[in-house]
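J.: Here's the letter readout for the chains.
2 protein chains.
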Amino acid sequence: MFDFAIEGICGSARAGRLTLPHGTIATPAFMPVGTQGTVRALSPADLEGAGAEMVLANTYHLHVRPGEDVVAKLGGLHRFMAWDRPLLTDSGGFQVFSLEGFRQVSEDGVEFQSHVDGGRRFLSPERATEIQWILGADVAMAFDHVVPGGADEAAARDALERTLRWLERCAKRHRELQLGVLASGNQTLWPILQGGTHLALRTEGLRRILDLGAWTGLAIGGLSVGEPKPVMHAMLEALEPRLPPECPRYLMGVGFPEDLVAAVERGMDLFDCVAPTRNGRNGSAFTSDGPVNIRNAVFREDDRPLDAACDCETCRSFSRGYLRHLFMAEELLGLRLLSLHNVRFLIRLAAEMRAAVRGDDFPRWAADWRRRYTHPETA
Amino acid sequence: MFDFAIEGICGSARAGRLTLPHGTIATPAFMPVGTQGTVRALSPADLEGAGAEMVLANTYHLHVRPGEDVVAKLGGLHRFMAWDRPLLTDSGGFQVFSLEGFRQVSEDGVEFQSHVDGGRRFLSPERATEIQWILGADVAMAFDHVVPGGADEAAARDALERTLRWLERCAKRHRELQLGVLASGNQTLWPILQGGTHLALRTEGLRRILDLGAWTGLAIGGLSVGEPKPVMHAMLEALEPRLPPECPRYLMGVGFPEDLVAAVERGMDLFDCVAPTRNGRNGSAFTSDGPVNIRNAVFREDDRPLDAACDCETCRSFSRGYLRHLFMAEELLGLRLLSLHNVRFLIRLAAEMRAAVRGDDFPRWAADWRRRYTHPETA
Numbered sequence: 001m002f003d004f005a006i007e008g009i010c011g012s013a014r015a016g017r018l019t020l021p022h023g024t025i026a027t028p029a030f031m032p033v034g035t036q037g038t039v040r041a042l043s044p045a046d047l048e049g050a051g052a053e054m055v056l057a058n059t060y061h062l063h064v065r066p067g068e069d070v071v072a073k074l075g076g077l078h079r080f081m082a083w084d085r086p087l088l089t090d091s092g093g094f095q096v097f098s099l100e101g102f103r104q105v106s107e108d109g110v111e112f113q114s115h116v117d118g119g120r121r122f123l124s125p126e127r128a129t130e131i132q133w134i135l136g137a138d139v140a141m142a143f144d145h146v147v148p149g150g151a152d153e154a155a156a157r158d159a160l161e162r163t164l165r166w167l168e169r170c171a172k173r174h175r176e177l178q179l180g181v182l183a184s185g186n187q188t189l190w191p192i193l194q195g196g197t198h199l200a201l202r203t204e205g206l207r208r209i210l211d212l213g214a215w216t217g218l219a220i221g222g223l224s225v226g227e228p229k230p231v232m233h234a235m236l237e238a239l240e241p242r243l244p245p246e247c248p249r250y251l252m253g254v255g256f257p258e259d260l261v262a263a264v265e266r267g268m269d270l271f272d273c274v275a276p277t278r279n280g281r282n283g284s285a286f287t288s289d290g291p292v293n294i295r296n297a298v299f300r301e302d303d304r305p306l307d308a309a310c311d312c313e314t315c316r317s318f319s320r321g322y323l324r325h326l327f328m329a330e331e332l333l334g335l336r337l338l339s340l341h342n343v344r345f346l347i348r349l350a351a352e353m354r355a356a357v358r359g360d361d362f363p364r365w366a367a368d369w370r371r372r373y374t375h376p377e378t379a
Numbered sequence: 380m381f382d383f384a385i386e387g388i389c390g391s392a393r394a395g396r397l398t399l400p401h402g403t404i405a406t407p408a409f410m411p412v413g414t415q416g417t418v419r420a421l422s423p424a425d426l427e428g429a430g431a432e433m434v435l436a437n438t439y440h441l442h443v444r445p446g447e448d449v450v451a452k453l454g455g456l457h458r459f460m461a462w463d464r465p466l467l468t469d470s471g472g473f474q475v476f477s478l479e480g481f482r483q484v485s486e487d488g489v490e491f492q493s494h495v496d497g498g499r500r501f502l503s504p505e506r507a508t509e510i511q512w513i514l515g516a517d518v519a520m521a522f523d524h525v526v527p528g529g530a531d532e533a534a535a536r537d538a539l540e541r542t543l544r545w546l547e548r549c550a551k552r553h554r555e556l557q558l559g560v561l562a563s564g565n566q567t568l569w570p571i572l573q574g575g576t577h578l579a580l581r582t583e584g585l586r587r588i589l590d591l592g593a594w595t596g597l598a599i600g601g602l603s604v605g606e607p608k609p610v611m612h613a614m615l616e617a618l619e620p621r622l623p624p625e626c627p628r629y630l631m632g633v634g635f636p637e638d639l640v641a642a643v644e645r646g647m648d649l650f651d652c653v654a655p656t657r658n659g660r661n662g663s664a665f666t667s668d669g670p671v672n673i674r675n676a677v678f679r680e681d682d683r684p685l686d687a688a689c690d691c692e693t694c695r696s697f698s699r700g701y702l703r704h705l706f707m708a709e710e711l712l713g714l715r716l717l718s719l720h721n722v723r724f725l726i727r728l729a730a731e732m733r734a735a736v737r738g739d740d741f742p743r744w745a746a747d748w749r750r751r752y753t754h755p756e757t758a
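Respectively, the protein sequence lines represent chains A and B.
The first sequence begins at 1 in my numbering and counts up one residue at a time.
The second sequence begins at 380 in my numbering and counts up one residue at a time.
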C-alpha cells in the first residue's frame, strides 16, 4: 500500500513513483495546499485539471474549524473535500509554533489559543496523531517543535531533542491506532527532521530518526523559513548523501519555481507551498519568462495568454488583458484563474524535471530553464 | 440570423426558440449577469456546465472599465469574456439613473460621474448604441430613462416620452452602424418599455414602440424595482394580450424563482438578475424546498447535497456540511459553489417550465412547484 520506486537518477535528482492508498504519484511532485480543506479558490475538478496528484491539508486549521469530529461525521477528509486522490496532513506543529504569544510549550505538548474563537486548545504528539488518524489522510506527519530560521544552536538543539522525543510518542500512538478497533483507515506516518540551520544538529537528528525505525517517507522541516537561500542549498547538499535513497524526501514549505528546481537538483522529491495560490490571489503569476504582476499597465491591451508555453485553462482561454481587467475590477474569477495557472505551472515544472531526470539530462535542462526564467521579457 | 419560433403555448405561458448570431436559446430562459464581463465567481466553463445559453453584460460598467476600446482591441466582448454563445448588453440606462446625485439628465443624454475614477462621462442614445456596437453582443438594448418604482404619473410620463424619443435616436444610430464600413458585426436592437406602475402609460408606450417598426425582441423595464408583487403581476397580465406574440419578451431584472414562475405564467420569455450570484455569495441558496442559508448551524454535520433534485457540480460533489464549513471559514470556493448552484437552479427551473408548457401542463406544474417551494422543510 505504501511504496516508493526510483525510476531514474541524474546527479542527485530523482524521478520516482510513490504509491499510497488513494493512488500513485509521479515524483518530483508539487502538492497544492488546502489549508482549511480547500485549496483556496480552486475546486477538486480544477486541481485534477491542473494535474495535481496529491494535496495537503492542515491539521491545526481543521481541528479548530470545523473540528475533526465534524469531518469524520461528513465521511472523513477525502469525502469532505471531495478529493479522492492522495492526501497528506501536516501535524499542526508549524501552525501552533507560529502562534507566538498565544501558546505555552511543555514537554507534554502545546497549549494554544484558537485563532477562530480564542478558546484554549491543546495539541500533543498523541493528540496530533489522533486528529490526523480521524481526518484519514494517506500520510500523517509527526508533531514537531519548529524554531524560527535564525534560532541559535541551543534553541535548535532543544527543539530537535523535543521533536525526537515527540516522534517516538507519535509513532507509538500511530501504531496503537493502526492496531485498534477503529483501524479501518490506512495511513502512514512520516517523521520531520528539524535542527535549524545547524548542520551538525541536522545530521545527528537524521541518524537518530533513522535509528528509530524504517519510514515510508521523510520530511525536512524548518527550512525556507527566512534563512538565506545558499544556507538551505548547502544544508540539502550535506544531508542528501545521508538520506536513505528508498525514502521519498519531502521538503516542507517549498515553494517558488526556482526553489523547486534547486531542491530537486539536491535530491528532494516532494514539495508543498501556499505560494502559487497566495501569489495568484495577489495578481502575481509564474511564467516561463519569470514572474509577472498582471495588474501592470503593459498588459492592458495584451491579447496573448499569460504564458504561451502553458496548457492550463487560464492560458487556453483568456488574454492577459482580460486577466488584468478581472484584477482591476476586483472580480473573483481573477483570483481563481491566476491560482489555477500558478498551481499548474509548478505541477508542469515538476513533470518537466521528472522527464529531464529520466532522460539523464537534468543539468542542461536546469541551466536552460534558469536562463529563461531569470531573464524575463516582462517584469 | 434573428428568429423567434414559438414551440408551445399553455395559457399565456410560452415555449420558444430564439436564434441569434452566436447560437440558439430555448425559452423560457434565464440569463446570468456578467456585470463587468464576468459572471461573478463563475467561469465560462462553469456557465456552460450549468446550461447557460445566453449571458448579459453591462454597458455602463464595461464603458467605465476597461473601456469599450480595450474590449475591442482584445477581440470584442465574446472573445474578451471567452464566451462564444449569445450575449446581450444592457444600455447603461438603469445604471446611470441609479447614480442619484452623480448625474445630470438632459434631452441630449446623461452626464454622470464614473464610480471607478470619479471622472465625468456622458451617455446618450447614440453613445450607448455605439458602445454596444463596439462591444459586439448579439443583442443591444435601447438607452432608456428609468424612474424609481414609486414615481408619480407626471414623472413616469416624462421618462416614457424621453425613452420613446431616445428609442428613435438609438434605432437611427444602430441602422447607420449596420450600414457603415465597420459593419462586420451582427447585432439586433431591442426597445425597452417604461411607464412605471401606470398601466395607461405602459399600454400607450407599448403601442408607440410597436408603431416605430418591427422589433426582433421587446423588453419590459422598470418593474421589479420595489413595487409590490401584485402590481407587477397585474401589469404583466394587462400588457400580455397587447404584446406581439412573435416577439420574445424580456422581463428585465427578474429574478427570484417564484418571480420567474409568475412571469412565465404571464407570458414572459427571458430573464436576467444578479440574485443567484449575489445571494450565493451571501450563503443563500435556492432549493426545491425553498431558500436556505447555508451558514445555519443545522447544516453542520449534514452530509446531504444542498438540493437532492439538483444536478449541478455543487450538489453532485459536496455536502451541506462542507459548504457550511467553506462559508464559516470564508473560503472563496464557497462563493463559487453556491453561485453555481443558484444559476443552475434558475436554468433548470426555466427548462422545467418549458417542458410543462410543451406538455400543456403548466398550471398543474406551477401549483406543484409552488406547494413544494413555499413549504420548505428547512429554513
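Worth double-checking, as some hints may not be accurate.
[What the hints assert, rightly or not] Computed footprint of chain A on chain B, listed as stretches where at least three residues anywhere in the stretch have a Cβ under 8 angstroms from a Cβ of chain A:
(1) 406–417
(2) 476–482
(3) 628–641
(4) 692–701
(5) 711–721
What the hints contain is simulated information worked out from the structure, not anything from laboratory work.
A quick note: this is a predicted structure, and the numbers were derived from the prediction, not measured.
Each residue gets a CB set at the ideal place from its N, CA and C atoms; glycine is no exception.
J.: Look at each hint and say if it fits the structure.
T.: Here is how each hint holds up against the structure:
1. 406–417: holds (count 3)
2. 476–482: violated (count 0)
3. 628–641: violated (count 0)
4. 692–701: holds (count 6)
5. 711–721: holds (count 5)
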